[in-house]
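Here the protein sequences line up with chains A and B, keeping their order. By the working numbering, the letter at position 139 of the first sequence is numbered 146, and the numbering carries on one by one without gaps. By the working numbering, the letter at position 282 of the second sequence is numbered 289, and the numbering carries on one by one without gaps.
Heads up, some of the hints might be wrong.
Identical copies carry no separate label here, and so any pair may be met within one copy or between two of them.
With a Cα cut of at most 20 Å, we get these calculated SDA-like pairs of lysine to any residue [what the hints assert, rightly or not]:
| # | residue 1 | residue 2 |
| --- | --- | --- |
| 1 | K230 | E99 |
| 2 | K283 | C97 |
| 3 | K95 | M43 |
| 4 | K124 | D29 |
| 5 | K124 | E155 |
| 6 | K124 | A33 |
Honestly, the hints are just simulated from the structure, not real lab data.
There are 2 protein chains.
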Amino acid sequence: MVPHLITALNVPINELEQRILDSMPAIERWFRLEWMEHTPPFYSSVDVRNAGFKLAPVATNLFPGGWNNLTPEMLPLAVQAAMAAIEKICPEARNLLVVPENHPRNSFYLSSLLQLKRIFHQAGLNVRFGSLNPEIKEPTTLSLPTGETITIEPLIRSDRRLGLKDFDPCTILLNNDLSTGIPGMLEDLEEQYLLPPRHASWSVRRKSRHFKAYEEVSKRFGKLLGIDPWLINPMYAQCDEVNFADGSGMECLTSNVEAMLAKVKRKYKEYGINEKPFVIVKADNGSHGMGIMTVRDVRDLPELIEKTRARMAASDDLNNVTDVIIQEGVLTNERVNEAVAEPVVYMMDRYVVGGFYRVNAERGVDENLNAPGSSFVPLAFADNGRLPQAGEKPGSSSPNRFYMYGVIGRLAMLAASYELEATDPDAEVYD
Amino acid sequence: MVPHLITALNVPINELEQRILDSMPAIERWFRLEWMEHTPPFYSSVDVRNAGFKLAPVATNLFPGGWNNLTPEMLPLAVQAAMAAIEKICPEARNLLVVPENHPRNSFYLSSLLQLKRIFHQAGLNVRFGSLNPEIKEPTTLSLPTGETITIEPLIRSDRRLGLKDFDPCTILLNNDLSTGIPGMLEDLEEQYLLPPRHASWSVRRKSRHFKAYEEVSKRFGKLLGIDPWLINPMYAQCDEVNFADGSGMECLTSNVEAMLAKVKRKYKEYGINEKPFVIVKADNGSHGMGIMTVRDVRDLPELIEKTRARMAASDDLNNVTDVIIQEGVLTNERVNEAVAEPVVYMMDRYVVGGFYRVNAERGVDENLNAPGSSFVPLAFADNGRLPQAGEKPGSSSPNRFYMYGVIGRLAMLAASYELEATDPDAEVYD
Numbered sequence: 008m009v010p011h012l013i014t015a016l017n018v019p020i021n022e023l024e025q026r027i028l029d030s031m032p033a034i035e036r037w038f039r040l041e042w043m044e045h046t047p048p049f050y051s052s053v054d055v056r057n058a059g060f061k062l063a064p065v066a067t068n069l070f071p072g073g074w075n076n077l078t079p080e081m082l083p084l085a086v087q088a089a090m091a092a093i094e095k096i097c098p099e100a101r102n103l104l105v106v107p108e109n110h111p112r113n114s115f116y117l118s119s120l121l122q123l124k125r126i127f128h129q130a131g132l133n134v135r136f137g138s139l140n141p142e143i144k145e146p147t148t149l150s151l152p153t154g155e156t157i158t159i160e161p162l163i164r165s166d167r168r169l170g171l172k173d174f175d176p177c178t179i180l181l182n183n184d185l186s187t188g189i190p191g192m193l194e195d196l197e198e199q200y201l202l203p204p205r206h207a208s209w210s211v212r213r214k215s216r217h218f219k220a221y222e223e224v225s226k227r228f229g230k231l232l233g234i235d236p237w238l239i240n241p242m243y244a245q246c247d248e249v250n251f252a253d254g255s256g257m258e259c260l261t262s263n264v265e266a267m268l269a270k271v272k273r274k275y276k277e278y279g280i281n282e283k284p285f286v287i288v289k290a291d292n293g294s295h296g297m298g299i300m301t302v303r304d305v306r307d308l309p310e311l312i313e314k315t316r317a318r319m320a321a322s323d324d325l326n327n328v329t330d331v332i333i334q335e336g337v338l339t340n341e342r343v344n345e346a347v348a349e350p351v352v353y354m355m356d357r358y359v360v361g362g363f364y365r366v367n368a369e370r371g372v373d374e375n376l377n378a379p380g381s382s383f384v385p386l387a388f389a390d391n392g393r394l395p396q397a398g399e400k401p402g403s404s405s406p407n408r409f410y411m412y413g414v415i416g417r418l419a420m421l422a423a424s425y426e427l428e429a430t431d432p433d434a435e436v437y438d
Numbered sequence: 008m009v010p011h012l013i014t015a016l017n018v019p020i021n022e023l024e025q026r027i028l029d030s031m032p033a034i035e036r037w038f039r040l041e042w043m044e045h046t047p048p049f050y051s052s053v054d055v056r057n058a059g060f061k062l063a064p065v066a067t068n069l070f071p072g073g074w075n076n077l078t079p080e081m082l083p084l085a086v087q088a089a090m091a092a093i094e095k096i097c098p099e100a101r102n103l104l105v106v107p108e109n110h111p112r113n114s115f116y117l118s119s120l121l122q123l124k125r126i127f128h129q130a131g132l133n134v135r136f137g138s139l140n141p142e143i144k145e146p147t148t149l150s151l152p153t154g155e156t157i158t159i160e161p162l163i164r165s166d167r168r169l170g171l172k173d174f175d176p177c178t179i180l181l182n183n184d185l186s187t188g189i190p191g192m193l194e195d196l197e198e199q200y201l202l203p204p205r206h207a208s209w210s211v212r213r214k215s216r217h218f219k220a221y222e223e224v225s226k227r228f229g230k231l232l233g234i235d236p237w238l239i240n241p242m243y244a245q246c247d248e249v250n251f252a253d254g255s256g257m258e259c260l261t262s263n264v265e266a267m268l269a270k271v272k273r274k275y276k277e278y279g280i281n282e283k284p285f286v287i288v289k290a291d292n293g294s295h296g297m298g299i300m301t302v303r304d305v306r307d308l309p310e311l312i313e314k315t316r317a318r319m320a321a322s323d324d325l326n327n328v329t330d331v332i333i334q335e336g337v338l339t340n341e342r343v344n345e346a347v348a349e350p351v352v353y354m355m356d357r358y359v360v361g362g363f364y365r366v367n368a369e370r371g372v373d374e375n376l377n378a379p380g381s382s383f384v385p386l387a388f389a390d391n392g393r394l395p396q397a398g399e400k401p402g403s404s405s406p407n408r409f410y411m412y413g414v415i416g417r418l419a420m421l422a423a424s425y426e427l428e429a430t431d432p433d434a435e436v437y438d
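With the sequences and hints as input, model every part of the structure.
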C-alpha cells in the first residue's frame, strides 16, 4: 500500500491503470509471496516515468537521499516501516549509525539526513552520523538555513566493530553509494549489520544487471496481469569498455543505439503510438563521469559523443573506460505547473512510504530530469479519497495513479532484491 | 509510532508527557522487545482518559467498531499494519471472512465494516461478510445513507472449515464480541485462523483480569520511565456474584467502593491534587446488563443500586448475577467545542493506526462517555509538525500529546496480549 498524493496530471484513461486497480488483491498477494522468498532492500527510491501508454522505472537508488522532500503526512508511514525493518534485523538495537556521503555540504542533503534521523528516532533508535571522510577528525557540527544543526563524527574502527566515540551500533546504515570503492573500514564487520550490503555499492552494481532482473520481474508480473511486459519494462542493451578518449567501443554504441531505436519504433507501431522513439545512454555503474545522453537519431550520435568527450576532458575524467547501458527512453507525460515532472517513489523495507515529483522546467519530456535546474514538489495529500477507489474511472483519480506508481516502484525494488541476491559474495551455494 | 492528530486540548505542562517524549527511543525499544515475546491482538481500540495529572486506559476493545471514524489520512497506516498482520498469519491468503455483529442495523456500524473491507482489500485480500445470525439465510444487501451497499451472507460450515458460498477463507476475522456465548459453528476450526481467538470473547474475558495484566505492564513500564505506575494505572477491586434482584453481594460492593474512594483520596493528597475522587462500577464481563455507575460518595450508593435494579427489572435483565469491577475513576480534561471528550486509540497488529475523540456534551468529566448522545470527532492531521518534536514544551504540541496516547494505548494492548496468553485454553504448558 502506498500513501496517496495529489498529482498534477489528468491524462486520458489508461488501460494499464485499470488493470492494476482491478487486480489489487492479486498484486498485493503476489508481493507478499515474493517477500517470503526474497529480502527487500533496507530502503530505496525509484524514478518512474509515465508516458501515458507506458510506465516504467528508469533508476533504482539503494542509498536514497531526498528524504527531506517527503511531507510530514508521510512520515508516520516511514516510521512504521522503519520499525518493521529494524525489528527483523536487530530487534534489541538501541543505536543506529548512519554513514552519510563524504562531502555533505549541500543543505538539502543535510535536511535529508535529519529527516532519516527523525524517522529512526521515532522508531526507537538513537541515531548518530559517522563519516568515512578522513578529513573529519573530530565531531563537526554543520548548520542548516532552517537553524537546525547536524553533527558528523569521525568513525572509529576497532578490530571487529565500527562505531563512534561512546557509540556502539548494532546496525550501520549506509547513505553513501561508495561509488569510488569500498573502504577497508567497512570490511570484516561480521558482528554488526551493514546495510545496504557492500555489494549494493555503485562500485559493484551494474544498471544492466538491475534491468535484467527487472525484465524477469516484469515478465512474471505481466503474466499475472495478462499484459505485455513491455508496457512496464524499458528495453536495454549494453556495451563493455567504451572509451571516450581513444574512441574505442563507439561502433558497439552506434550499432546498439540504432538497433534500440528500431526496436522501440516497432513497438510504437504495434501499439499505434505516434511518438518519436529515443534512447538514453549512460554509464553502467552509477551516474558519474560520462553523464546521461538522450539520443533521438543515430546520426546525432557523433556530435553527442564529441560533447561528452569534451566535458569529460574538462573535468579530468577522460581516462575512465566505462561500460555503457543503452536504455529505451520513456517519455514523461507528467507536468507540474507546466514543467516536465517525473514521480519518485520512496520505500522502506517492503513498504511504499511516500513520494514526490522531480520537476525540471529546463528539460524536455525525453530528457533526464535529475540535472541542474531540478526541484522537488513535496506533494500534499489529496483532500479526499486518499485510498484508491474501485469505482473511479482510471486516470481520473490521483490516489489510483499513485497506487500504480507504488506498484512499479515495488517491482523495481523487487528487481534490486533479485540483483543483490545474484551478486552476494557470501551467498550460500547448495550443490 | 502513531499518527499525529490535532487535539482540542492545551492543558498546562505535564511532567509525564515530558518523561515519555524524552524516553521515546527507550520506549520503542521496550515495545519491540515485548513483541518478541508476546503476540499483539490482531486489532484493538483503547479508551484513554487524560486527567492532566494522570493518564490511563479505561477500556480495551478487542473487536473494535468505529473504523469509519478514522480519517482518510490514517488509512494508509492501517493498510500497512494490516499487511504486516496478514503476512505473519497467513501470507498465502486470498480471502478474508469478516464476521460482523449479529444485528448490524446501525449505519455507522455498517460504515465501519466497509472501512475494514477497504483496509483489507488494499492489503491484498478479497473481503466478504458472513453472519452468525440464523435469520440471515441468503445474501442480504443493506444500503447506507451514503449510497454505498454492503452484503452480509449466511455462513456455511463444513466438517472442518467455515466459509461462504464459493468463498473459502484462510482467516476468519471476528468483529463480534460473542458476549452471549461462543456458537458451535466457531468450534473445531483447526484448519483456519480464527481471530481474535474465541477466548477474547466477552463471554470469557473479565475486565478484572485485563486490569490485573495492565497493572503488571504499568509497573514494568513505570520502572523503565522512573515514574509511579499509578500515574498511568487505574486502581481496581472486584466483587463476585453481585445480585441486584435479591441484594446479595451489596456489602462487598459498598465496602470496596468505600475503600477505593479512600485509596484514591490518599493518592490525590500525596500529589496535591484538588479534585473529588470517584469510582466507576461496572460488570466484569462486557458492558451489558447493569450499565456503568459513577459513584462520588459511598452514601449515594444505595440510590444508585436502586436505580440500576429498576432499570434491569424494566429490561428483564434482573436475574443476571454478575461479577462487578470497582475501578478508580479517571477524570478527563479533554474538551472538543466545550463538550467532554476522551481519546480512543486504534491499533492493528502492534501499530497505532489512528484515533479520534469520543465526545459527549451531555456528560460530565467523571462520567462514562460511551452512552447515548456521544459523537465522534474524526480528527484531522495537524497542518504541520505531525511527528513529535523533541524541542517543544510538553503540553504545547498535539503530536507530542498524541504520541503519549499511542503509548498508553499500546500498553493496554500489551496487557490484552498478556491476558489472552493467560486464558488461552490451548496454551502449551511446560512442566
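Quick rundown of the hints versus the structure:
Only between protomers do K230 and E99 lie at most 20 Å apart by alpha-carbon distance; the minimum there is 18 Å, versus 41 Å within a single protomer. Neither within a single protomer nor between protomers do K283 and C97 lie at most 20 Å apart by alpha-carbon distance, with minima of 50 Å and 48 Å respectively. For a Cα distance limit of 20 Å, the shortest separation of K95 from M43 qualifies both inside one copy, at 13 Å, and across copies, at 10 Å. For a Cα distance limit of 20 Å, the shortest separation of K124 from D29 across copies, 15 Å, qualifies, whereas the shortest one inside one copy, 38 Å, does not.
For a Cα distance limit of 20 Å, the shortest separation of K124 from E155 inside one copy, 13 Å, qualifies, whereas the shortest one across copies, 43 Å, does not. In this homomeric assembly, K124 and A33 come within 20 Å of each other (Cα to Cα) only across copies, at 15 Å, whereas the closest approach inside a single copy is 35 Å.
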